[in-house]
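Trainee: Here are the chains, one letter per residue:
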Amino acid sequence: MTVNYKYILALLVACFSSLFAMAQEEETKDYKIDMILTGTDKGEVLVDMKAKCSAFYWDIYKRKAANNPSIVKNSLIKSFCKYSLTNINVTNYEMERTYQATFTILGMLQLEENGKWIAHLETKDPDITKISEKEYVMVDEDYARSFKVNLPSTTTKSKIEKDAFGNALLTYYAPVKSSGDKILIYTGYFLAALGVLLFIKNKFLHKKVAV
Amino acid sequence: MRKILPYILLIVGLGMVFFKPIYNRIAPAVLDIKISTPPVIMSSIYKVYANEDAFDGKYSLFKMIIKNTSNVDAKNVEVQYKMSNFLDWTIAEKMPLVLAGQTVVVNCYPKFPDKMGEKTTDSKENVKLVIKADNIKTIENNFTITVKSRNSFMYNFLPADEIRTAADYYDNIPLLACYVTPNDPVIKYYTQQIQQKILKGETAGVGNNEAEGIRFLKGIYNATLLAHMVYSGTSGVPENVNDVSSIVQNIRMPREVVTGKTGLCIELSLLYASIMANAGMDPVIYLVPGHAYPGFKMNNNYYAIESTAIGGEGLGGSKTADEAFDMAMNNKEAFIQKLQEGDERYNVIEIRENIKLGAVAPELKDDDFLRKKVDEIAASFGGTPTPSVEQTKPGDKKDDKQDEVSITKTAPVAPTPTTQQKETQIPQGYKAFKGVVNFAYPADWEMMEPNRYYSPACKNIISNQARNATVEVYKFTGITNPKAALESINDWQKKASGFSLKYKLQMVEEGYSVFKGSTVNGKSTAVNWVAALKVLGNDVVGIIVNATAYTGNTHEKTLLTILNTLQ
Numbered sequence: 001m002t003v004n005y006k007y008i009l010a011l012l013v014a015c016f017s018s019l020f021a022m023a024q025e026e027e028t029k030d031y032k033i034d035m036i037l038t039g040t041d042k043g044e045v046l047v048d049m050k051a052k053c054s055a056f057y058w059d060i061y062k063r064k065a066a067n068n069p070s071i072v073k074n075s076l077i078k079s080f081c082k083y084s085l086t087n088i089n090v091t092n093y094e095m096e097r098t099y100q101a102t103f104t105i106l107g108m109l110q111l112e113e114n115g116k117w118i119a120h121l122e123t124k125d126p127d128i129t130k131i132s133e134k135e136y137v138m139v140d141e142d143y144a145r146s147f148k149v150n151l152p153s154t155t156t157k158s159k160i161e162k163d164a165f166g167n168a169l170l171t172y173y174a175p176v177k178s179s180g181d182k183i184l185i186y187t188g189y190f191l192a193a194l195g196v197l198l199f200i201k202n203k204f205l206h207k208k209v210a211v
Numbered sequence: 212m213r214k215i216l217p218y219i220l221l222i223v224g225l226g227m228v229f230f231k232p233i234y235n236r237i238a239p240a241v242l243d244i245k246i247s248t249p250p251v252i253m254s255s256i257y258k259v260y261a262n263e264d265a266f267d268g269k270y271s272l273f274k275m276i277i278k279n280t281s282n283v284d285a286k287n288v289e290v291q292y293k294m295s296n297f298l299d300w301t302i303a304e305k306m307p308l309v310l311a312g313q314t315v316v317v318n319c320y321p322k323f324p325d326k327m328g329e330k331t332t333d334s335k336e337n338v339k340l341v342i343k344a345d346n347i348k349t350i351e352n353n354f355t356i357t358v359k360s361r362n363s364f365m366y367n368f369l370p371a372d373e374i375r376t377a378a379d380y381y382d383n384i385p386l387l388a389c390y391v392t393p394n395d396p397v398i399k400y401y402t403q404q405i406q407q408k409i410l411k412g413e414t415a416g417v418g419n420n421e422a423e424g425i426r427f428l429k430g431i432y433n434a435t436l437l438a439h440m441v442y443s444g445t446s447g448v449p450e451n452v453n454d455v456s457s458i459v460q461n462i463r464m465p466r467e468v469v470t471g472k473t474g475l476c477i478e479l480s481l482l483y484a485s486i487m488a489n490a491g492m493d494p495v496i497y498l499v500p501g502h503a504y505p506g507f508k509m510n511n512n513y514y515a516i517e518s519t520a521i522g523g524e525g526l527g528g529s530k531t532a533d534e535a536f537d538m539a540m541n542n543k544e545a546f547i548q549k550l551q552e553g554d555e556r557y558n559v560i561e562i563r564e565n566i567k568l569g570a571v572a573p574e575l576k577d578d579d580f581l582r583k584k585v586d587e588i589a590a591s592f593g594g595t596p597t598p599s600v601e602q603t604k605p606g607d608k609k610d611d612k613q614d615e616v617s618i619t620k621t622a623p624v625a626p627t628p629t630t631q632q633k634e635t636q637i638p639q640g641y642k643a644f645k646g647v648v649n650f651a652y653p654a655d656w657e658m659m660e661p662n663r664y665y666s667p668a669c670k671n672i673i674s675n676q677a678r679n680a681t682v683e684v685y686k687f688t689g690i691t692n693p694k695a696a697l698e699s700i701n702d703w704q705k706k707a708s709g710f711s712l713k714y715k716l717q718m719v720e721e722g723y724s725v726f727k728g729s730t731v732n733g734k735s736t737a738v739n740w741v742a743a744l745k746v747l748g749n750d751v752v753g754i755i756v757n758a759t760a761y762t763g764n765t766h767e768k769t770l771l772t773i774l775n776t777l778q
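Chains as they are written, first to last, in my numbering: chain A, 1 to 211; chain B, 212 to 778.
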């Protein structure tokens with residue numbers, strides 16, 4: 001669940017890059033981005049991003065990218081160049097002046113041996129709020145962006161930490177064993193316990209009867 | 212049966228509990244490896260490769276996607292690499308666990324030795340890779356890669372079939388900032404010579420005085436002129452590396468440009484940027500199709516100079532610093548227009564921004580021989596910069612008088628541009644306006660009477676036949692600040708029509724404060740305009756040239772001509 005400000009900005013800016021460069025200061029809030037990032041127990045991040053544009057930006061987006069979704073795809077790949085992206089889909093909603101991009105990011109989360117997952121937030125002081133153990137909301141008012149972060153259902157002890165350079169990290173624990181493994185283990189414990197009980201019953205209860 | 216059943220249950224149960232851990236220990240994991248590499252390694256950016264945060268980690272030696280395709284977790288996975296002649300075995304990444312079915316990505320950010328920054332020829336190098344883990348069979352891999360000389364710059368690394376836009380084609384442009392070398396001892400020394408002998412002291416980097424910044428810019432130009440530096444053009448050479456098709460350009464380091472006394476447009480721009488960055492300024496480079504020119508940013512205003520106007524005798528001569536500055540500032544207007552239209556072939560490289568992003572220059576050592584060359588060059592700095600002959604480009608139409616003007620403008624750079632006087636020139640097809648200010652306007656334009664929508668300060672209006680382009684003459688009595696004058700128009704407009712003004716100071720030139728702005732109604736722009744206003748006694752006088760928004764840049768050239776004739 002890395003919620004990377006730079007990447008998200010780059011996604012939109014990739015389409016409008018030159019416009020940001022000079023003399024457009026008053027226009028920077030003419031879009032709104034909502035993102036839902038969902039983590040899986042295999043360290044994948046599923047992204048669902050919606051960008052609602054002003055008429056001004058929508059015209060530029062249409063001119064540059066709407067008829068050529070590969071431009072958006074390429075800019076996404078470039079923006080997340082450290083990772084691997086799959087299942088990229090881009091849909092345009094003309095009536096709402098919105099485009100939606102969904103994709104899966106591989107390799108974004110680091111796993112430590114003890115089941116601790118680490119996501120780099122790429123910022124020192126994020127405006128992030130913990131809603132529950134498995135849910136965070138991050139807001140970037142400067143660029144009208146909001147991020148909802150869903151951690152895996154097995155998450156425990158999630159919190160915001162800092163790395164050695166003072167950058168914010170979102171860390172949490174999620175068991176690395178699959179549910180199939182657990183069934184196998186619990187069934188094993190059950191059978192072993194049953195065996196012990198039967199052993200006790202055979203050994204002690206039968207002796208009592210004999211006496 | 213009753214006796215042995217508990218034992219069976221116990222054994223089966225414990226077997227189920229410990230099956231996976233034991234299986235994981237004895238059964239091997241299987242890792243599927245995919246490696247992607249850049250088409251070449253550019254030695255000029257060797258410090259960028261070392262920084263995983265530079266440009267969001269875009270530039271690496273390789274990127275390895277590892278997928279655990281087995282049912283067994285891979286433990287203590289380690290990726291090591293080595294590159295012939297440059298890198299010994301190094302660990303790229305250590306991962307305690309790669310889950311069955313999990314995909315991880317390893318990016319390699321090598322710390323190349325400083326000798327890579329001195330590389331002046333291309334070479335092919337072999338990279339060896341080893342992937343180890345507790346429970347996998349060691350995987351070995353290797354690839355060869357071309358390491359380019361420090362002077363070879365490749366404009367993109369993208370496969371040809373992935374290029375969709377002009378921006379893609381020039382994807383590596385931010386890396387040009389790696390050729391800006393403010394910390395090069397030779398450039399520092401050269402900068403000191405300019406500061407001492409040409410500028411005779413300067414505060415461009417410490418104050419926010421734009422006039423001082425312009426003086427510094429012109430000072431660098433004069434230094435190149437006095438050193439008889441010449442412009443030499445070359446185009447980039449298209450090169451195919453694997454499936455990547457890119458322009459590869461030979462770019463010399465600024466120290467080589469100074470001592471070699473010749474430079475391409477981009478090389479001269481990088482030299483200017485290095486000197487300005489060394490002096491603490493905020494340099495920029497404007498890139499347009501086939502050309503580049505330098506400038507700086509101060510107080511959010513952008514300035515430029517045509518560094519290649521030094522030309523050379525073989526090219527028909529050179530221009531004065533003032534002319535080179537005016538030429539570039541005019542071009543900059545068109546540049547901004549293109550930028551606002553979203554033309555991705557037009558780029559402005561903000562050097563400090565890109566250095567912050569990780570574009571760090573190679574480590575360059577001090578060199579006595581080059582210092583002596585700088586001394587020889589600086590010996591000429593005491594003179595007066597004299598352009599050899601007026602440079603004429605094909606298509607330029609200039610009369611004899613114009614040539615005379617440009618040749619006579621060979622005085623050393625003035626402390627402020629406001630002290631310079633411009634000879635009146637009436638372009639062909641224009642006629643003179645003489646009043647509170649003097650300028651020329653198209654001969655077929657007509658005088659109009661100001662109506663109630665115009666501020667009382669508006670004295671004359673001259674408009675084209677279609678009434679969609681206008682020059683307005685103003686005199687603001689009792690106002691001694693150009694910005695206050697514009698605010699008085701803004702107040703008037705709000706009352707008279709509900710429209711308001713949005714504007715920004717672009718520059719201060721020859722006493723005039725030049726503002727670029729628009730008249731807006733809510734979010735829609737009605738008129739785009741440029742105001743040139745100056746303080747005259749206790750008043751502000753000047754003109755505003757404008758065109759209705761729907762005409763786009765149709766009238767741009769005419770309006771610029773009017774502004775250029777303003778006195």
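Don't take every hint at face value.
[To be verified] According to the in silico footprint, chain B covers these stretches of chain A (three or more CB under 8 Å from chain B):
| no. | stretch |
| --- | --- |
| 1 | 39 to 48 |
| 2 | 58 to 67 |
| 3 | 74 to 82 |
| 4 | 182 to 193 |
No lab work stands behind these hints: they were computed from the structure.
Where a beta carbon is used, it is the ideal one built from N, C-alpha and C, also for glycine.
Trainee: Look at each hint and say if it fits the structure.
Mentor: Here is what the structure says about each hint:
1. 39 to 48: holds (count 3)
2. 58 to 67: This one holds; 3 residues, not fewer than the three required, reach chain B with a Cβ under 8 Å.
3. 74 to 82: holds (count 5)
4. 182 to 193: Satisfied; 9 residues make the cut.
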